[in-house]
Amino acid sequence: MDMGEDTAHGPSMTPRRTLAPNETPREEADLLLSTALFKQVPPAEAAQLIPHLKHRTYRKGEAIFNQGDTDHRMYVIERGRVKLTRESKDHRIQLLSISTAGEILGEIPVFDPGGGPRTANAIAMLNDTATASLDHDALFTWLNDHPRVAVDMLQVLANRMRLNNERISDLVFMDVPGRLAKTLLDLAKRFGKPTEAGIAVPHDLTQEELAQLVGTSRETVNKALMDFTNRDWIARSGRTIIIYRPGELIRRAQR
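First residue of the sequence shown: 1, per our numbering; consecutive thereafter.
Incorrect hints may appear among the rest.
[As the list claims (entries may be wrong)] Within a straight-line C-alpha distance of at most 20 Å, the following computed EDC-like cross-link-like pairs (lysine to aspartate or glutamate) qualify:
{"hint": "1", "residue 1": "Lys-39", "residue 2": "Glu-103"}
{"hint": "2", "residue 1": "Lys-83", "residue 2": "Asp-204"}
{"hint": "3", "residue 1": "Lys-39", "residue 2": "Glu-107"}
{"hint": "4", "residue 1": "Lys-189", "residue 2": "Asp-204"}
{"hint": "5", "residue 1": "Lys-60", "residue 2": "Asp-128"}
{"hint": "6", "residue 1": "Lys-182", "residue 2": "Asp-170"}
{"hint": "7", "residue 1": "Lys-39", "residue 2": "Asp-204"}
{"hint": "8", "residue 1": "Lys-83", "residue 2": "Glu-248"}
{"hint": "9", "residue 1": "Lys-54", "residue 2": "Glu-107"}
{"hint": "10", "residue 1": "Lys-193", "residue 2": "Asp-135"}
{"hint": "11", "residue 1": "Lys-54", "residue 2": "Glu-87"}
{"hint": "12", "residue 1": "Lys-39", "residue 2": "Asp-128"}
{"hint": "13", "residue 1": "Lys-89", "residue 2": "Glu-208"}
Derived from the structure by calculation, the hints contain no laboratory data.
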């Protein structure tokens, strides 16, 4: 479904506050400046994009965009958490990544509008997940006035390509326990909360989704989780993992 169409069960438009004359919309400027793509942009320049941002909220399980969509928008996550998935022709689902507040989704069609339809689905993982979207025309009109920013954006996109290459390499050369250890450390870095017992990582994933993120079967990842638990490296509590000994996970991920 094109995100320009709202239905009774679709995303809702977030009401926007009317700004007073000469008032700086700092919260929206800070939203852009918090992302990797715009972190080097002067606040006054970022503020020029604010009138072009379109805000929407989603319930858990709703699609922000779908595989096959042909829109040319990118999205900044204002709050909540979003998973990127890809569906095969025989309807198997692969979890590609998880994004959270301050991160950007779906930027490829903005920078490569002739490159074809979207290759993944973006699904809200939490109720009241909110995004701000920016389309290709608005961004590139702005870049014409601020060409230096394009260089910074290329560096960010190059880093994302590097991370994707690293993940492909992990799938080829690293065993499942090593990939699982690396995945848990990444989730802890992004979502972990220190507790007296250890680092609590509320991942909000089913066992199948965690296995997809690691790149293996549910049975294989459960076997590795059980091994880590028996070694007292971690403990499991519903959709939260407590990491007791992160150093052991680091060593396992580096084998």
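To see whether the hints hold, each was checked on the structure:
1. This hinted pair checks out: Lys-39 and Glu-103 have alpha carbons roughly 11 Å apart, not beyond 20 Å.
2. Distance restraint check for Lys-83 and Asp-204: the Cα-Cα separation of roughly 10 Å lies within the 20 Å cut-off, and the hinted pair is therefore satisfied.
3. Restraint check: the Cα-Cα separation between Lys-39 and Glu-107 comes to about 16 Å, which is no more than 20 Å; the hinted pair holds.
4. Distance restraint check for Lys-189 and Asp-204: the Cα-Cα separation of roughly 15 Å lies within the 20 Å cut-off, and the hinted pair is therefore satisfied.
5. At roughly 7 Å between alpha-carbon atoms, Lys-60 and Asp-128 fall within 20 Å of each other, so this suggested pair holds.
6. The hinted pair formed by Lys-182 and Asp-170 meets the criterion: a straight-line CA distance of about 10 Å does not exceed 20 Å.
7. Distance hint between Lys-39 and Asp-204 is unfulfilled; the C-alpha atoms sit about 28 Å from each other, more than 20 Å.
8. With a CA separation close to 28 Å, the supplied pair Lys-83 and Glu-248 exceeds the 20 Å bound.
9. Annotation: proposed proximity of Lys-54 to Glu-107 holds, straight-line Cα distance about 15 Å (limit 20 Å).
10. Distance hint between Lys-193 and Asp-135 is unfulfilled; the C-alpha atoms sit about 35 Å from each other, more than 20 Å.
11. Proximity of Lys-54 to Glu-87 is assessed by CA-CA distance (about 27 Å); at most 20 Å being required, the pair is judged violated.
12. The hinted pair formed by Lys-39 and Asp-128 fails the criterion: a straight-line CA distance of about 25 Å is larger than 20 Å.
13. Taken as a hint, the Lys-89 and Glu-208 pair is honoured in the structure, with Cα atoms around 19 Å apart against an allowance of 20 Å.
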